[in-house]
Amino acid sequence: MSKWFFPASVACALMFAVSPILIANAPFESTMGLVQKISYYHMPSAWIFLIAAVVCGVASVRYLFGGGARHDRVAWAAAELVVLFGAMALVTGPLWARKAWGVWWQWDVRLTASLMGWMVAVAYILVRKYGGPGSDKLGAGLALFGMANVPFVYVSVNYWRTIHPKTTVVPTLPLSMGIPFWFSFAAFLLLFILLLRMRVRLEEQRAELDAVYLSLE
Amino acid sequence: MSFLRVSWLVFRKDLTVEVRSFEILATSIFFAVSAVLFFAVAFVQEGRALDGAAPGILWIAVAFAGTLALGRTFERERQAETLQALLLAPADRPAIYVGKLLGIVTLLVTTEVVLLPLIAYLFQAPLFARAGWLAAVLLAGTVGYCAVGTLFAAMLVRVRSRDVLLPVLLYPITIPVIIAGVRATSVLLEPELDVAMIRFWLSLMAAYDVVFITLALWSFEPLMTE
Amino acid sequence: MITFRRVVSGLLLLAVVCAASTAGVQASQPSEPEQLSEFVPIEDLPPQEELPAAPLLIAAYAFVWVALFAYVVSLSRRLGSVAADVQRLEREVKKR
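Residue numbers (the numbering used here), protein chains in the order written: chain Z, 18 to 234; chain W, 86 to 311; chain G, 39 to 134.
If you're looking for bench data, these hints aren't it; they were derived computationally from the structure. These numbers come from a predicted model, not from an experiment. Built from N, CA and C at the ideal position, the CB exists for glycine as well. Hints may be right or wrong, so weigh each one.
From the structure, some residues in chain Z lie toward chain G, with a derived Cβ separation under 8 Å [stated by the list, open to error]: (1) PRO44; (2) SER47; (3) GLY50; (4) LYS54; (5) ALA104; (6) MET105; (7) ARG115; (8) LEU190; (9) SER193; (10) ARG216; (11) ARG223; (12) GLU225; (13) VAL229.
Restricting the straight-line Cα-Cα distance to at most 25 Å, the calculated cross-link-like pairs of lysine to any residue (SDA-like) are [claimed, not checked]: (14) Z:LYS146 x G:SER114; (15) G:LYS133 x Z:TYR230; (16) Z:LYS116 x Z:PHE202; (17) Z:LYS146 x G:ALA121; (18) G:LYS133 x Z:GLU225; (19) Z:LYS146 x W:ARG245; (20) Z:LYS146 x G:VAL124; (21) W:LYS98 x W:THR310; (22) Z:LYS146 x G:TYR109; (23) Z:LYS146 x G:ARG116; (24) Z:LYS146 x G:VAL110; (25) Z:LYS146 x W:TYR256; (26) Z:LYS20 x G:VAL110; (27) Z:LYS146 x W:PRO252; (28) Z:LYS116 x G:ILE96; (29) Z:LYS116 x G:PRO79; (30) Z:LYS146 x W:ILE260; (31) Z:LYS20 x G:VAL124; (32) Z:LYS20 x G:TYR109; (33) G:LYS133 x Z:GLN222; (34) Z:LYS20 x G:GLN125; (35) Z:LYS146 x W:THR310; (36) Z:LYS146 x W:THR152; (37) Z:LYS146 x G:LEU106; (38) G:LYS133 x Z:ASP227; (39) Z:LYS20 x G:VAL120; (40) G:LYS133 x Z:LEU226.
Produce the entire structure from the sequences given, and follow the hints as far as they go.
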């Protein structure tokens, strides 16, 4: 591992330890009250979910059209993180919605599209894990088609009721709510980078291991 | 040989093989019909069908039968090891894809023709009241579903657990077609026809078809290269 | 002769036409949603508000922490087992 990895992980752990204190001290939201405090983890995890999905898609396309094995490793690592952060966003969301909207789930555009993206990532991992040889190209194709699918999900669900808060809440946040929000977003982003690096490292070591095996035979 | 000629030849080859035994068509139809019968047992109580169940059941049956047909079509090529030969032929690879796609769409449309009267009868749904619109909806949806399915099934030929993985890959990607198909079919079953709505769903499906066929043609070459 | 390129460019043109027609119908759809566009902070919270929300809040944070912990543990275990494999192999190579 490179030199920055260890100090960065310590910093990340500290940020995650401090974030609940900041969140606890933030003011309550006027209409939703206490339950709105879920957003300090829900929104960052949803954003990282999106970032990871974009990383996975771009790396897959680059791998598919002539890129090296490095892109494939990044794509696989990012797909696993899509599942992790997607699970966080998809579990914390309904817990918030139960109080704020009165229902656990709503077939709203954002929710449906997120669920679809998460399912594509799960399918990607299943293919990579159980597909055997040749599954790298297959996974890349799946990621490519999954990306192309997102606008269609948006249009097709768009006429159903949309009650999810707009993302424009973020720039309008007052400072007392903005600081804990951006702090936990930074913590999540750092966490994503660290986990991605670690996961890519795992693939690199596996590739090395395969090379050693081949040289033995 | 031109692009369309290659596609036509692949399509005709698949059709000839199928007509000799009717293996895929017969099994797919049987499978779809039994699925619909299961739904009828579950959702028709005391002679009355659940409101709005028919469109969903139609599309679920089509999707399931489609998975089966897609898997079988390429399994046949794999067993005879003819897909390699086909890919080695001095022809445009995308043309081979188009030929395969045409074959599978034909199979599924035939299955739908059998399913429609059955569903209309069992669920008391006036499916044939607007037959022209329904045909357009079914064709657009089937093409979209098969466009993605043909590419994935072709890729899965080289992969180990291909039977389980085909639905795993196919269903998340085809969610918009299924949503659009079910919604459009329910619009057609309303007493008053909402033309704007049906045109919206149809153009959405057409856009999906075009985008995904283009993507498939574009990525078929790199995806099928070892 | 119809080439692949021409087919693709024709399809792309069609896609643009379809997308344009879809967009037209989309605009005519009634827009109903009442979306929240702002979070407004308040100083105090009515006490009856706090009680039912607390378990949801705790569950949300607990899930995030547990999921994170589980993933880090699984990742480090996988890394450890690969590293052990590499070491074992290296020893075998030296023996030969």
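Item to check | Structure-inconsistent hints, enumerated in ascending order | outcome: none
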